[in-house]
Amino acid sequence: MSNIALPAIDQSTINKKEYIFKKLKKLTSSENVLSHEAEIKPYETDALSAYKQKPLCVVLPENTEEISNILKFCYKENIKVIPRGAGTGLSGGSLPLQDAVLISLTKFNKILEIDFENTCVIAQPGVTNLSITHAVQHKGFYYAPDPSSQLACSIGGNVAENSGGVHSLKYGTTTNNIFGVEIVLMDGTICRLGGKTLDQEGYDILGLICGSEGLLGVITEVTVKILKKPQTVRAALIGFPSHEDGGNCVSEIIANGIVPAGMEIMDKALIIATDNFSKAGYPRNAELLLIVELDGTASEVDELIKKVSEISKKNNSLNIKISKNEAERLSFWIGRKAAFPACGAMAPDYYCMDGSIPRGKLAAALKEINELSKKYNLPVANCFHAGDGNLHPLIMFDGNKEEELKKTEEFGAEILKMCVRFGGVLTGEHGVGVEKRELMCEMFNDNDIQQQLSIKKSLDNKNLLNPGKVYPILRKCAEEGRVHVHRGEEKFPDIPRF
Amino acid sequence: MSTEEKKNFQTFQDSNNAYKPLDEREASNFIKEVYSKNLPIEIIGTNSKNFIGNKLQCAKVLDLSNLSGIVEYLPEELYIKVKACTPLSLIEKALEKNNQQLAFEPIDFGYIKNFKSNKGTAAGQLSCNFSGSRRFKTGSIRDHVLGFRGINGKGDIIKSGGTVVKNVTGYDLSKLVTGSFGTLVVLTEITFKVLPVKDSINTIAIYSEDSKIVTKLFDQLLSSSNEISGSVYIPNEPKNNNYTINREKILKFNDLKSEEPFLALRIEGSKKSIEERSKEIFKELELQKMKTSILDFYQSKLFWEKINSIELFSGTKNNLLRAVIPPAKSLDLMKHLKNNFKYYIDWCGSLFWLEVLDNENEKIEEIKSIVVKLGGYLTIIKYSENFTSDIDLFTINDTRLLLSKKIKESFDPKNLLNPGKMYREV
Chain Y
15 MSNIALPAID QSTINKKEYI FKKLKKLTSS ENVLSHEAEI KPYETDALSA YKQKPLCVVL
75 PENTEEISNI LKFCYKENIK VIPRGAGTGL SGGSLPLQDA VLISLTKFNK ILEIDFENTC
135 VIAQPGVTNL SITHAVQHKG FYYAPDPSSQ LACSIGGNVA ENSGGVHSLK YGTTTNNIFG
195 VEIVLMDGTI CRLGGKTLDQ EGYDILGLIC GSEGLLGVIT EVTVKILKKP QTVRAALIGF
255 PSHEDGGNCV SEIIANGIVP AGMEIMDKAL IIATDNFSKA GYPRNAELLL IVELDGTASE
315 VDELIKKVSE ISKKNNSLNI KISKNEAERL SFWIGRKAAF PACGAMAPDY YCMDGSIPRG
375 KLAAALKEIN ELSKKYNLPV ANCFHAGDGN LHPLIMFDGN KEEELKKTEE FGAEILKMCV
435 RFGGVLTGEH GVGVEKRELM CEMFNDNDIQ QQLSIKKSLD NKNLLNPGKV YPILRKCAEE
495 GRVHVHRGEE KFPDIPRF
Chain C
854 MSTEEKKNFQ TFQDSNNAYK PLDEREASNF IKEVYSKNLP IEIIGTNSKN FIGNKLQCAK
914 VLDLSNLSGI VEYLPEELYI KVKACTPLSL IEKALEKNNQ QLAFEPIDFG YIKNFKSNKG
974 TAAGQLSCNF SGSRRFKTGS IRDHVLGFRG INGKGDIIKS GGTVVKNVTG YDLSKLVTGS
1034 FGTLVVLTEI TFKVLPVKDS INTIAIYSED SKIVTKLFDQ LLSSSNEISG SVYIPNEPKN
1094 NNYTINREKI LKFNDLKSEE PFLALRIEGS KKSIEERSKE IFKELELQKM KTSILDFYQS
1154 KLFWEKINSI ELFSGTKNNL LRAVIPPAKS LDLMKHLKNN FKYYIDWCGS LFWLEVLDNE
1214 NEKIEEIKSI VVKLGGYLTI IKYSENFTSD IDLFTINDTR LLLSKKIKES FDPKNLLNPG
1274 KMYREV
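Read top to bottom, the protein sequences are chains Y and C.
Start counting the first sequence at 15; every next residue gets the next number (the numbering used here).
Start counting the second sequence at 854; every next residue gets the next number (the numbering used here).
If we strip away everything but chain C, and leave its shape as in the complex, we get (with noise of 0.2 Å):
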């Protein structure tokens, strides 16, 4: 340690603050200091997250904010490597300048929290691998990792993947630090696969209540050559005034009857191809016999930047669940939520967003045991002020467990990195 770097982690230790690093290597110096003194941490960025997982109560913090900017961006190599936390907002503004975009879609969390959209930082996105509505066409964000650097729970400065494409030598360290919420490696650079945004984006809407129709629906354009990049459901909402907030509020469209249930599919590409594809879609899924309505360019992406925004649940102080099940099953799971729930389905059938009322606990565990049943995974993204149930935030079994904590071992042997954050063993 230099000596300004010992003066500032003194200081840290005096103060009993978040210690700020302001390089990897300072971070690096920190991690080795508590793994010396055996002192649990919790990892931060712009905590625009920090409400997933369970609450953790460590001896000392690791705020790593000071860990920001764009380090190299070539767009013809169709990558962007940023410091870990880099704010989402500064990274696409770089890539809207190139006419491109992240390979994956973001979430935005900062309605859930605070009403209004915060994207948070590349390490916050890359930690918890929640994709939006394009998922189930171009992959998640564990699919568009190219590589990290970052730090073990030993302090160790540990890096894998690179910059190419076909990047990986050796073990892919990146896919299993995706979605570990920080419990392996403390990341301190990312880089992200990016692409060209189409020109242009329709989308459809199909207006049915009937369950039926709209699984079918799903399983049609889920085996279309039509390249459809976000297929959406939502149902009818109960009557009941303890949801914060209702659709019709939301999703206020000229082009869109929001009060009633329905479907609505997204088309990019070209003008020309949007158009040729809606024409295949409408034979397709003989739409003529239905009712539909068409959301132009302006419409469709505001319409989907709220899908992926979670708007429909913002503010909400009840619970709200993540569940994904195998996408030939959301009949099954419609059916037992029937009108009793606010929910809506995203990715072609597979992803349920659910609000369960903060007076109706016992209920998630019930809905849980029946998307493990339909061989899917359940995660409690946010739970409301009187969430009391012993019940996992987190999906797992014993043998994933078991493995779990072997893998968590070999990264951070004293399980001092965001202990007890997914599962209490891990």
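Okay, chain Y solo, but in the shape it has when bound (with noise of 0.2 Å):
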């Protein structure tokens, strides 16, 4: 497990534990909190499992009211408290503290209204990502933001991350396709943030606590916009011969006036590893494999299929490959999804790097992160949300030994400073938590990191929520920034990632 730096612990709340668990029994009921070793343990961590930490106990609380009690009590008492969804995160933005309680939401898990009038669902937070569109898909329905966890992650989880997905190019964020929230502020202050209109009016309250990552409030209801489905989605399977030809071809695509609806890549290493996981078929003599999915009416699809084909081959396409049928659109899917778990077979341990660079420098990132692979001597695997530039390199390495782990940390460091240098940002959908907290200094200066400690004070003065996450604790740009699994051994390894 790594070391890393956490808030000082009040011992006072330490002391008075057994109070504390009192009080919250009574505020809640006995059976929603968990103050055994073994009952706590499942918290220790989330899907960064390189740090674990158990808290001081574990709420479920079942109703907004409760968890206002229950905040306003915290704060009366200056106690620590660490939201959590699913766990499912990748940056340890639940990470527990031995001095904090631990809200989890699983509780909150129904959907409390679908309103296909006003295109929108009204769920709790716990409902995962998945069951909304399972919930609206008879009518034809979706929610477009599609985080590859959406299966078990949940939907406030999402909006505390602000997740992305394969489709975010040209569905956006999580933050583009919500209406609302009901949070409750850490004094217990309960506010709703929107509802079922366009925008809303004054400050932009809904924007600032999409992607805060639970350190501003414990989101407690969401309202989400849902989309009609498109009347035709295809794919098309592409090889190049080089990272240059790719990364070119990528930009072409947008400079053509073409927002296809995801576009992926990845290296020859990828394309090997998920061929042989998955058997997708794949091109194996290619460098670098291109899927582009585009989507809208069967016609303007057509188009676009033959605008892609075109320019893929005036940059030098080894071959391209159009899917015919659904069946065939979800099988050049497969080995993308698979793309984490085959590379978990390649090594004993990998890391996971999430940073995102303007589409032009998608070739000069790919050949850095090889040098980089040269001079730490670790081989590494490259998959990337090409349309958003943001990057998934997977570090591969093997953990018994010592000298590699600090090694891969070092490497990992440097990629997401190279994404800050080519003009892109520290995470692209995975957060900062504590994962990449030291290296916020690399992007922000002291004034940007001082505004938004101001934001938090004004809404959680007594750094009570979440704290010791997304802004750095050293000052210092520490090398961290990494998903480490050993031996597949990841929080929810079933769960595909990409």
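Everything labelled a hint here was simulated from the structure, so no lab data went into it.
When the alpha-carbon atoms are kept at most 25 Å apart in a straight line, the in silico BS3-like pairs for lysine-lysine are as follows: (1) Y:K153 to C:K1136; (2) C:K1159 to C:K1092; (3) C:K990 to Y:K153; (4) Y:K476 to C:K1258; (5) C:K1136 to Y:K242; (6) Y:K320 to C:K1132; (7) Y:K243 to C:K1136; (8) C:K1012 to Y:K471; (9) Y:K153 to C:K1065; (10) C:K1124 to Y:K243; (11) Y:K243 to C:K1069; (12) C:K1125 to Y:K321; (13) C:K1051 to Y:K320; (14) Y:K471 to C:K885; (15) C:K890 to C:K1267.
Starting from the two chains in their separate frames, assemble the complex, guided by the hints.
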């Protein structure tokens, strides 16, 4: 397990833990407060399992009023609070603290209203992303943001992390797909932001809350926008002889006025690994594979497929395969979705990075990552959300060799710094959490960070809600930033990640 | 402060004119100065929308019009970075050369103010967050601001976001600043997402004065997979000479019977795709039973420009209101308005632009309470000379006001930037 600096432990909280348990049981019910070692162990980490810490206790409230009362009590008693959704986050955003009460939202698991007329669904935060689509698909609707963990991740967690997915290039991330939330502030104040209208008047506090990683309030209800499914969806598999050709093709597709629903790339290491793993039928002779998905009306998709094929040929594509039907389209994605597990089969351990760069720098980024791979003598496999410039390099290493873990950490930090140098940002979609916290100063200066901390202070003046996340504790650029997977023992290893 | 800057600042102090910084650093120094002296400031650009919001009486005026120009435009990366007061017309001209447009549809308030086009500046558009007809389909300004640089109320230069689509690390301040009417930061640089312009446009006009039919059409269009990018309803106008202009003068098109109430919907894409979707829409909405007409590319382009310039209310001396409600509530609001008001509906049933006569000010409060009851909000965009009501120009509730005050204080602890522009307390 990696070490990381966490906020100073408040011994007075630990000293009065029996009093805290007793009070919490009164504010909800006895069975909703877990404090025994075995009960709280499952909550000691989220999907960034490199970091583990048991909380003081876990509370499973059942309604907003209970949350409000729990927060009021914690605020009065100066007790830290960590909110947690499904625990599938990859940046340690819900890593507990020894002196903190962990509020799990798993009992908030109901869809409260489906309103087709206003194209929205009101859900409690513990409802999974995919079950929203399941609830509305009988009328041809769906919820657009599709993080690959959508089977398990919760909508509240999606709001906290501003989750994206393969289709965010065209349909945006969570922040572009929600109408409103109900949140409870650290002092217990219940606020409704937005509703069923487009935009809201006054400060866009909804926009502030979305992506705030549980630092500003506990989300207790989410109103999401639903969309009608496109009439036609088709995908193209395109192989390239070099990274440059593939990178140029991505830029040229966009420059030609085409905005695909999704545009993904994988390098040779992953083409082979995923093809071995899932028999997806990928072009094994290619150095780079591009998957382009296009949607719209039938004739529109036909026109776009034709244009994409022409651009690919111009950029020296080796082969182009267009999906003929829905089954074939889905088969194109099988390998891509298996990228992470396939990587797990190639090496004892891997670190998953998450950074974002301008599209035009894709080839340069791949080149630099490969050079770094040689420098550190560690193999790396790359899969990118190319349309968004969102990188997920997977560094392979053997965690049993101490020096390799350290080298991997240095390698990972260099990749994230490269992202910032290329004009990108530290995180595409996994959030900052504890993972990239100390790298924030690569992107932001003191003024920027101070302004963000002032906002935090204005809504949580005692810094009790999810402290130690997002903003540097050490205030120096520590070299961190990865998801550690040992022999496939990632938390929820069966959930696809991409 | 350099000697030159000191001289510039001194001249401003002596003459009491608006201070016009040449760059971000000068603006930052100015705010540091007013911060130390507790002087509230009004922030202005080119004044294209200065009639919106509460009137300010500030000790000083900060004129940002010198901060103008395109900093970086990368068409293949789908973004444009501009200085805050870059005229929108200049931005649109640059994008047009690459067959691109802003990812949001801007609103032109020039006709309301002065009978001619004036979309103002990048910062002005961002500060208001009023988006045009494409909003319900593609998002508003807040959805397409990738990043910004600006100065907070203490004079600190801050930034947020970036130039990439997945742009947010830390809190998403770009969203917070959008629609804040200059009360949180003085903007100095903005990065907008841009998108390709669709090959062609077509508009189908459907004639009906039956509000039930109209709202049913809105409902069907909102749930349609035929990707409608605009849907507006222009009802009958009340007969009253107190309106500055009437619809038949503004909406004069060969293929539009503008004297009749009609719903217009916009289809954008390749010609083939438009043709295919038009057919689908006719089937989906059963339009063969209704009276319709088609506006071709040129007529369509002009028609939607007029809609997004709110030209139907050009030069109005009356009150102009903007109400946003859940789309399924449009029938309720229409029933209330009947033919007693001049109004039209945009955003597929969600957005009502509405004129209230100068001598009927008391009706504003009544409409606002209905809008709020329907789950919406109302903004008094322009108020008439005789407007005396103490009604808030913007809608807010107590909890959100409390939060807004806290957020305002975190950016502008002394309440110096456009104080009271939106709410008296913020």
